[in-house]
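Peer 1: Could you build all of it, start to finish, from the sequences and the hints given here?
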Amino acid sequence: MLGKLSWQAVPFDQPIALAAGAFVVLVIVGALVWVAAKGYIPYLWREWITSVDHKRIGIMYCLLAAVMLVRGFIDALMMRSQQALAFHAAGYLPPEHYNQIFSAHGTIMIFFMAMPFVIGLMNFAMPLQLGVRDVAFPTLNSVSFWLTAAGALLVNLSLVVGEFARTGWLPYPPLSELTYSPGVGVDYYLWAIQISGVGTLMTGINMVTTVLKIRAPGMSYMRMPIFCWTTLASNLVIVAAFPILTATLAMLLLDRYVGFHFFTNEAGGNAMMFQNLIWAWGHPEVYILVLPAFGVFSEVVSTFSGKPLFDRRSMIVATLGICILSLCVWLHHFFTMGAGGDVNAVFGIASMIIAVPTGVKIYNWLFTMYGGRVRFSSAMLWSIGFMVTFVIGGMTGVLLASPVADFVLHNSLFLVAHFHNVIIGGVVFGVFAGYTYWFPKAFGFVLDERLGKAAFWCWFVGFYVTFVPLYVVGLEGMTRRMQRFDRPEWYPWMLVAEVGVLTILCGIVLQIAQLWVSIRQRAKRRDLTGDPWDGRSLEWSTTSPPPVFNFAVLPVVTSDEPYWSIKQEARARRHLVTAEPDYAPIEMPRNSPTGFVTAFFAVVTGFSLIWHIWWLVILGLIGAYVTFVAFAWRDHTEFEIPAEEVARIDRANRAARAAALAGEPVR
Amino acid sequence: MRLRSGAVLRGVLPVVLVSLAACHTAVLSPVGPVGEANRIVLLDSLMIMLAIVVPTIVAILAFAYWFRASNTRARYLPDWDYSGQLELIVWSIPALVVFFLGGIAWISSHLLDPAEPLKSKAEPVEIQVVSLDWKWLFIYPHQSVASINRLVVPTGVPLDLRITSASVFNVFFVPRLGSMIYAMYGMTTRLHLQADLPGVYPGLSAHFSGAGFPGMSFDVHAVSAEEFTQWAAATRVTGPVLDEAAYRKLLRQTQNVSPYTYRSVQTGLFDDIVEQRLPPGEGPSTARSAASGSAVMLAGGRH
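Protein chains in written order, with my numbering: chain W, 1 to 667; chain G, 1001 to 1303.
Treat the hints with care, as some may be off.
Claimed, not checked - Computed from the model, here is a short list of chain W residues facing chain G with C-beta under 10 Å:
no.: 1; residue: Leu175
no.: 2; residue: Glu177
no.: 3; residue: Ser305
no.: 4; residue: Met337
no.: 5; residue: Val343
no.: 6; residue: Gly371
no.: 7; residue: Ser402
no.: 8; residue: Gly474
no.: 9; residue: Met478
Stated by the list, open to error - A few chain W residues that don't get close to chain G, going by computed Cβ distances all over 12 Å:
no.: 10; residue: Val24
no.: 11; residue: Trp34
no.: 12; residue: Ser81
no.: 13; residue: Leu140
no.: 14; residue: Lys213
no.: 15; residue: Cys458
no.: 16; residue: Val517
no.: 17; residue: Glu580
no.: 18; residue: Ser592
no.: 19; residue: Tyr625
Read the hints as simulated data drawn from the structure, not as lab findings.
We put the CB at the ideal spot given by N, CA and C, even for glycine.
Peer 2: Put into structure tokens, the structure is as follows:
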């Protein structure tokens, strides 16, 4: 009846796992009870769960990412602590538990922290920057989000029911084949990633369509903000690369479920092909994550330097260059396969070439600051911290791209330090900069700067204290994923890294405090003008938070920095430039529970597939299909916002801006 | 305050220096020609990049500091966003660096292809390496002996390693000898190394391979040619025989195996492993018991 599922699946014999699981269950149940008791459920259902508004979906993506950041960071803390204790000793985590933790850390941080965070920011900011009302396919957007959340739920469910993969964040066969990993851990991984991967692919299609087809009048390609360009590039790579991931994992699923032999040791399977295919997705994935972060930095550095971005054209060329090159370098993840000089050298040099457009970007940000008036707000601190850190990470990356150097550094903690250097220094600093930068736009009040800066310094210092030691032990030959070790020369560095990870913990605590304090003081932190940073692109021309329709009338774009030029003209004339427009009713897409219901059935299907509960698989699939049919046959797709309502909202916005303008000193 | 920081410096600095001096960073203090070449490529590439990375970081900090909003002496150029000359420089610098590094990468990848034999007058020692769950098997075909988790090699002589796996992926890596390479089931990789100085050098698997992975370390004992001959002769008279039955026992998963030797090895064993005439590693013994366990639970549920 219940397949492989039994009471044995709950880890009663592992106190740490059980306590962690019980804690998570308690927090979730507690939160649900609190929400129900306060009577918030109808509000949440109406305004958030069924929302197809790109801003709401973007915020939910970021919230999911923030929660997963905490989960993934707890894993990191446990791993560092294990290695700090495991010198000539067993530490406190047995191998089977430690191996699950590093697998979960990588999986969660890449798929359920970094991806949702960048997708959330793209979702929130890109349509606003393009001066439009929503993305191309609003309901699909909601489905994408809820499928990502479904994947995250499955991964976290493995904490309580069963186990997670013990194979690393990319489950290389033959280790991940049934012979060597008979448990449900790898199945949890595979189904969680398959479900969320479908969501990500649909996001890619949605965003590419939006940028290509839906822009405000006059918003030509060359006038698009750089963040929109990086969004386009990143999503093009999603569309190109994610099908490879889905197909590769599908092959592994066929191996595990129905006895195929794509990657098995027996019957002519070739496990090396898995590595080849998974990195054909995996390396582009790195650029999927970092390109939107580059976009955020472009916006932030320009805004807080009070200058346009230095040479937009070369920035766009560099972005698209990275977009294409990212698909041509995957083999550098397995130089040590023994492919021979020609193959290794070609892929090594191809990887190094990516450093050219990336270097150009760094210099463009550098010259954006030149001649500027740099304001060191916390968003700008994240950006400067990024530039310094990313240059170092890029350097060690180019070092690893040299095949002969990689022959002694591959899979070492030097490599681990390198990719954390670019992912923390690039992606994480980037999403934090974006979070700080767009938070007032999303919620209508600014975050506490003092706590934000303190959090930045903890992260920045903590990063170096954690990962410089890992570079050093990498040079001392320490490889990754060691549950214990007996080499005395590695030990002191493990202790230093532990201090570093605790410093990062302080940073995270300060960020939570920042959010808490800012929410408590929101009344006096209100952003009344909608333009708290003296911004340059269109999202700052509407209210904070923007109305559901974003813009009362679609803005007409006449320059590279549309809002900045309007604002400068207004400043020169000392009154608003545009006369009050003729307000017309606006049609917006209706909310739809399709995404949530689809994700519900996806979780049911995924869970029952993991545990081989076949009748439930069939029910889940039927449910998902019925949801799709019901959505396809809907009659009312849009609702109308009357012109008077639009006028009321926009007049308030214009009044606030006129007041702010009057209050400005004469320039 | 000054005094206190001085005291801290006096107290901490020697400790740091001593620990830095004591840690012979394995990869940067090689004992053979391959490791030496790895080190040169690594350091040369690093130096070329540092020449450009350090000024860039300094410029980032300097520009940010000088052009801070509160600095009234800094020029404000609110509309300056293009300079063709700067663009040329901006694209040329990274391109030139990559040009140099790419040249190094191209030449070194060919010179140091792990499959290429080392140039030497001495006859290479052939060693067949098999990664198992979770131990290393080293077969010396000419000496017809084998060793578990200990690799004894003569100094100054090229080592001709043929590497495969009996189960999951592993990577054969001796940091102080240089280049590593994959061990893969059903495939052979070639690696040529050489130890010039006698000594004991730690080796490990550089690819996660399951629960017993951290125990998959081994020691390389680099000894003089005579000592190596003596060792092989001594090994031939003690210890068990590595035939098919003994090999099948090795396929079972074991952890933290202490080194031991086999006095003789069945001819062609390595080829039998690579050609898949022998079965792959068994995987966890709990696999079957867990499956039957849930079957029992199921049966229990039906009552």
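Peer 1: Going by Cβ atoms, does Val24(W) stay more than 12 Å from chain G at every point?
Peer 2: holds (25 Å)
Peer 1: Could you check that no beta carbon of chain G comes within 12 Å of the beta carbon of Glu580(W)?
Peer 2: holds (29 Å)
Peer 1: Holds or violated: is there a CB of chain G closer than 10 Å to the CB of Ser402(W)?
Peer 2: holds (5 Å)
Peer 1: Mind verifying the non-interface call on Ser81(W)? Its CB should be farther than 12 Å from each CB in chain G.
Peer 2: holds (16 Å)
Peer 1: Per the CB criterion, is Gly371(W) less than 10 Å away from chain G?
Peer 2: Holds, about 3 Å.
Peer 1: Check the non-interface label on Val517(W): least C-beta distance to chain G beyond 12 Å or not.
Peer 2: holds (25 Å)
Peer 1: Can we confirm that no CB of chain G comes within 12 Å of the CB of Trp34(W)?
Peer 2: Answer for Trp34(W): holds, closest chain G Cβ roughly 36 Å.
Peer 1: Should the label of Ser592(W) as a non-interface residue stand, given a Cβ cut-off of 12 Å to chain G?
Peer 2: holds (40 Å)
Peer 1: Should the hint that Met478(W) touches chain G count as held when the rule is a Cβ pair under 10 Å?
Peer 2: holds (9 Å)
Peer 1: Over 12 Å to the closest beta carbon of chain G is the bar; see if Leu140(W) clears it.
Peer 2: Correct as stated: the minimum Cβ-Cβ distance to chain G is 37 Å, above 12 Å.
Peer 1: Quick one, is the Met337(W) hint okay against chain G at 10 Å, beta carbons?
Peer 2: holds (5 Å)
Peer 1: Hint validation: Gly474(W) versus chain G, beta carbon distance must be below 10 Å. Holds or violated?
Peer 2: holds (8 Å)
Checked against the numbered hints above, the structure breaks none of them.
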